[in-house]
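**Student:** Listed here are the chains, written in short residue letters.
Protein chains: 2
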Amino acid sequence: MRFQRQTISVEEAVKILLSDLETPREEQVGIYEAAGRILARDITATCDLPPFDRSPLDGFAVRAEDTAGATVDQPVSLEVLETIAAGDVPAKTLTPGTASRIMTGAMLPQGANAVIMFEQTEQPGEWSRQVRVKRSLIAGENLSKQGEEVPIGSIVAKAGERINAGTLAVLATFGYAQVPVVRKPRVGLLSTGPELLEINEPMKPGKIRNSNAIMLAALIAEAGGIPVPLAGLPDELPLVKRQLEECLQDVDLLVTSGGVSVGDFDVMAYLADEPDVTLLFNRVAMRPGTPTTALIYQNKRICALSGNPGACFLGAHLFLLPLVRSLSGERHSQAKRIQAVLGETYDKPCPYPRFLRGRLTEEAGQLIFWPDWNHKAGNLCTMSMSESFGIIPPGGRGKQAGELIEVLPHTMPSWSREG
Amino acid sequence: MRFQRQTISVEEAVKILLSDLETPREEQVGIYEAAGRILARDITATCDLPPFDRSPLDGFAVRAEDTAGATVDQPVSLEVLETIAAGDVPAKTLTPGTASRIMTGAMLPQGANAVIMFEQTEQPGEWSRQVRVKRSLIAGENLSKQGEEVPIGSIVAKAGERINAGTLAVLATFGYAQVPVVRKPRVGLLSTGPELLEINEPMKPGKIRNSNAIMLAALIAEAGGIPVPLAGLPDELPLVKRQLEECLQDVDLLVTSGGVSVGDFDVMAYLADEPDVTLLFNRVAMRPGTPTTALIYQNKRICALSGNPGACFLGAHLFLLPLVRSLSGERHSQAKRIQAVLGETYDKPCPYPRFLRGRLTEEAGQLIFWPDWNHKAGNLCTMSMSESFGIIPPGGRGKQAGELIEVLPHTMPSWSREG
Numbered sequence: 001m002r003f004q005r006q007t008i009s010v011e012e013a014v015k016i017l018l019s020d021l022e023t024p025r026e027e028q029v030g031i032y033e034a035a036g037r038i039l040a041r042d043i044t045a046t047c048d049l050p051p052f053d054r055s056p057l058d059g060f061a062v063r064a065e066d067t068a069g070a071t072v073d074q075p076v077s078l079e080v081l082e083t084i085a086a087g088d089v090p091a092k093t094l095t096p097g098t099a100s101r102i103m104t105g106a107m108l109p110q111g112a113n114a115v116i117m118f119e120q121t122e123q124p125g126e127w128s129r130q131v132r133v134k135r136s137l138i139a140g141e142n143l144s145k146q147g148e149e150v151p152i153g154s155i156v157a158k159a160g161e162r163i164n165a166g167t168l169a170v171l172a173t174f175g176y177a178q179v180p181v182v183r184k185p186r187v188g189l190l191s192t193g194p195e196l197l198e199i200n201e202p203m204k205p206g207k208i209r210n211s212n213a214i215m216l217a218a219l220i221a222e223a224g225g226i227p228v229p230l231a232g233l234p235d236e237l238p239l240v241k242r243q244l245e246e247c248l249q250d251v252d253l254l255v256t257s258g259g260v261s262v263g264d265f266d267v268m269a270y271l272a273d274e275p276d277v278t279l280l281f282n283r284v285a286m287r288p289g290t291p292t293t294a295l296i297y298q299n300k301r302i303c304a305l306s307g308n309p310g311a312c313f314l315g316a317h318l319f320l321l322p323l324v325r326s327l328s329g330e331r332h333s334q335a336k337r338i339q340a341v342l343g344e345t346y347d348k349p350c351p352y353p354r355f356l357r358g359r360l361t362e363e364a365g366q367l368i369f370w371p372d373w374n375h376k377a378g379n380l381c382t383m384s385m386s387e388s389f390g391i392i393p394p395g396g397r398g399k400q401a402g403e404l405i406e407v408l409p410h411t412m413p414s415w416s417r418e419g
Numbered sequence: 001m002r003f004q005r006q007t008i009s010v011e012e013a014v015k016i017l018l019s020d021l022e023t024p025r026e027e028q029v030g031i032y033e034a035a036g037r038i039l040a041r042d043i044t045a046t047c048d049l050p051p052f053d054r055s056p057l058d059g060f061a062v063r064a065e066d067t068a069g070a071t072v073d074q075p076v077s078l079e080v081l082e083t084i085a086a087g088d089v090p091a092k093t094l095t096p097g098t099a100s101r102i103m104t105g106a107m108l109p110q111g112a113n114a115v116i117m118f119e120q121t122e123q124p125g126e127w128s129r130q131v132r133v134k135r136s137l138i139a140g141e142n143l144s145k146q147g148e149e150v151p152i153g154s155i156v157a158k159a160g161e162r163i164n165a166g167t168l169a170v171l172a173t174f175g176y177a178q179v180p181v182v183r184k185p186r187v188g189l190l191s192t193g194p195e196l197l198e199i200n201e202p203m204k205p206g207k208i209r210n211s212n213a214i215m216l217a218a219l220i221a222e223a224g225g226i227p228v229p230l231a232g233l234p235d236e237l238p239l240v241k242r243q244l245e246e247c248l249q250d251v252d253l254l255v256t257s258g259g260v261s262v263g264d265f266d267v268m269a270y271l272a273d274e275p276d277v278t279l280l281f282n283r284v285a286m287r288p289g290t291p292t293t294a295l296i297y298q299n300k301r302i303c304a305l306s307g308n309p310g311a312c313f314l315g316a317h318l319f320l321l322p323l324v325r326s327l328s329g330e331r332h333s334q335a336k337r338i339q340a341v342l343g344e345t346y347d348k349p350c351p352y353p354r355f356l357r358g359r360l361t362e363e364a365g366q367l368i369f370w371p372d373w374n375h376k377a378g379n380l381c382t383m384s385m386s387e388s389f390g391i392i393p394p395g396g397r398g399k400q401a402g403e404l405i406e407v408l409p410h411t412m413p414s415w416s417r418e419g
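Respectively, the protein sequence lines represent chains A and B. Counting from 1, one number per residue, gives the positions in the first sequence under UniProt numbering. Counting from 1, one number per residue, gives the positions in the second sequence under UniProt numbering.
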């Protein structure tokens, strides 16, 4: 199968890879460890929000009917019963002709049905027993009613959502000190290739340092997985299989880089031919990374990416990360294509869709995709600047500047930063 | 100054807040702890990349001149000297009429000046001493020349960049097992307000649970700071000042939520009047969060945000996070405005620019901003879904659906996820 391979589209490959995954398991974490985790269950409001009628501003709680006809020139005078700070329980009930000084967020006193802001009142002194109201109010004005944002029992966050700062605020509000999240998948990480040196090794003739492992580890962690670095693979297939069997017991998923092509030592390519290994695919209609391979062995998925850094980076975003996100329980696991105008002509012909690293910019609300200055897919020095993949469709023409192309954003566009 | 405040624009406020910051300090971290950190120095290539002339594919290293005239029908036969795997140092020099079998990434043998891929050759058996070349090559074809991507000494990553997966690949390639990064700023975190309960406390009449602290902590951590939760503030100003003095010794920056308005217990507002406190601003032309305040005390900046969850969230993105990113040494610290078409009319008048939480979508390359279904700024249950702030300019008209508005993206748009 090393040379005779069946080519499938990126979309088909993703579909095959993500089908029939195991249901992720749940665990509880403290809310202070929950940022970035995926909710395992829907979260419900444990109380009304607001939990009581309250004032949204600093001013005076009044009976609207007492303010009828009040103007700047003819203010209405009310007797101030008390000052209600946020957190207080009001002691007194408003009766006709009375008001209570009230602070933002404080509970509304009995009898009050409106709040007037300080700036529309006049008080002889700050602690005076009299206040002059300079405007008439209608019942219900400037009130936050109990439950008006969310009534008790409502779903306020959904299973499969990634917990962000906003989610944490919701969880805190409803007292979720412990949060039900999905257990993080353990992703075994393995680089093949006798040319690879460790990062701290000095250079040797013919060798290069392993850059894919740490790159993949960072992407896996960002996607919600736990990267588990594993020792390199031996050369012979039976030893490879024995080692993989051991590795696979400890992880939910294995990703490898290198060894997927037609070279003599491309061990992942040979592995696909073994009878107890299920080949999902080993040739995808894409450049770079055509020989990207996926297998099932010992009931675990193996995502075998190209060793070429650019192809490995692309393959990770197209295949590995959606898989990691799915195993993490994330509802939206797949990268979605949007459209943008191509900023500069790319006319290199290609039999398959070509994924160019680059960036999106914006002009008068229009998205523009700019490919990297250097189109060599193997180049790794521009990889840190990639924020999107622009897709040049197959065929001899490429795409002209100004044409719409499909784009796969993979990182927050830097259009949003300056200074 | 509690009532008489000078209003400045968001842009002016940010500029004042970020001016004359201390130079961030440097520290070394191991590369496996470097993801997300900010580079403290430019990083240079410690070797050429590629470090040697190498083959970009699996095939045969040849002398191009030996292949002159070769076609599918009239192949040229060459003697195979050896097989060069990636990581090998070739043992033999090509002489006229010879070739070496070579794998992707392997060092080119002496004498070779081109590589032909397996698919364009024919070998009687895989380990045969003869190969038939079915195409003529030109010198330099299918070679990666030493240093062609990056020559030794080039700058490959810049001070002030946030280290991402691509940066890690570059650092690994050039052997940076230790990475010079900027020390993370410590950000003290303090919520004022007697109405606040801890997350694990049961509800009490008049009280709400503190949701701003954990929200701010998550945003600070994401921006590269270390959130340092501090005890709540007492009620009296002298005690407040003494406590702040202590807190400020241990942090680079303090953020508070609540107590900035005109209420009787708005301690941050009173603090601004103290002679040893420098007021940077206490009224910003924005909704929500007009009374957002910034001070300098004990030579440290205090970012005093509104206690209203929506205003606190907005103020954090507009003021606190740029400050945290600047103190983290990040080159691009400020949120930048882009343009998008407003998806639905918003005609509520406002004397100041109004920042609506919402999302960006894309249609044929055009960006569209959709405000939250619920425009109440104080609502916190929709905060987790906010990805951008849409800005409705001041004045009585608001903006109609279809008009261009300014947008401040603050999170990766979810247009990029499906499935």
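Among the hints, erroneous ones may be present.
Any copy, or any two copies together, can satisfy a pair, since identical chains are not distinguished.
[What the hints assert, rightly or not] For lysine-lysine, the following DSS-like pairs were computed, each having C-alpha atoms within a straight-line distance of at most 27 angstroms: (1) Lys-145 / Lys-300; (2) Lys-348 / Lys-134; (3) Lys-158 / Lys-348; (4) Lys-145 / Lys-348; (5) Lys-204 / Lys-241; (6) Lys-145 / Lys-158; (7) Lys-145 / Lys-204; (8) Lys-336 / Lys-348; (9) Lys-15 / Lys-92; (10) Lys-300 / Lys-348; (11) Lys-204 / Lys-92.
Note that these hints are calculated values from the structure, not bench results. Being a predicted model, the structure only gives us computed values, none of them experimental.
**Student:** Taking the hints in turn, state whether each one holds.
**Tutor:** Structure-based check of each hint:
Taking the shortest alpha-carbon separations for Lys-145 and Lys-300, neither the intra-copy value of 53 angstroms nor the inter-copy value of 39 angstroms comes in at or below 27 angstroms. Taking identical chains as interchangeable, the C-alpha atoms of Lys-348 and Lys-134 lie at most 27 angstroms apart only when they sit on different chains, with a minimum of 24 angstroms there against 74 angstroms within one chain. Taking the shortest Cα distances, Lys-158 and Lys-348 never come within 27 angstroms of each other, neither inside one copy (45 angstroms) nor across copies (31 angstroms). When the C-alpha separation of Lys-145 and Lys-348 is checked against a cutoff of 27 angstroms, the pair qualifies only between copies, where the shortest distance is 21 angstroms, while the shortest distance within a copy is 63 angstroms.
Proximity of Lys-204 to Lys-241 under the C-alpha cut-off of 27 angstroms is found in neither arrangement, the shortest distances being 29 angstroms within a copy and 61 angstroms between copies. For the identical chains of this complex, Lys-145 and Lys-158 are intra-copy neighbours only, at 25 angstroms inside a copy versus 53 angstroms across copies, given an alpha-carbon limit of 27 angstroms. When the C-alpha separation of Lys-145 and Lys-204 is checked against a cutoff of 27 angstroms, the pair qualifies only between copies, where the shortest distance is 17 angstroms, while the shortest distance within a copy is 72 angstroms. Within a single copy, Lys-336 and Lys-348 get their C-alpha atoms as close as 25 angstroms, which meets the 27 angstroms cut-off; across copies the closest is 34 angstroms, which misses it.
In this assembly of identical chains, Lys-15 and Lys-92 lie within 27 angstroms of each other by CA distance neither inside one copy nor across copies; the values are 65 angstroms within and 47 angstroms between. Taking CA atoms no more than 27 angstroms apart as the test, Lys-300 paired with Lys-348 passes in neither setting, with 38 angstroms inside one copy and 55 angstroms between copies. In the homo-oligomer, the alpha carbons of Lys-204 and Lys-92 lie at most 27 angstroms apart only across protomers (18 angstroms), although the nearest pairing inside one protomer, at 84 angstroms, exceeds that limit.
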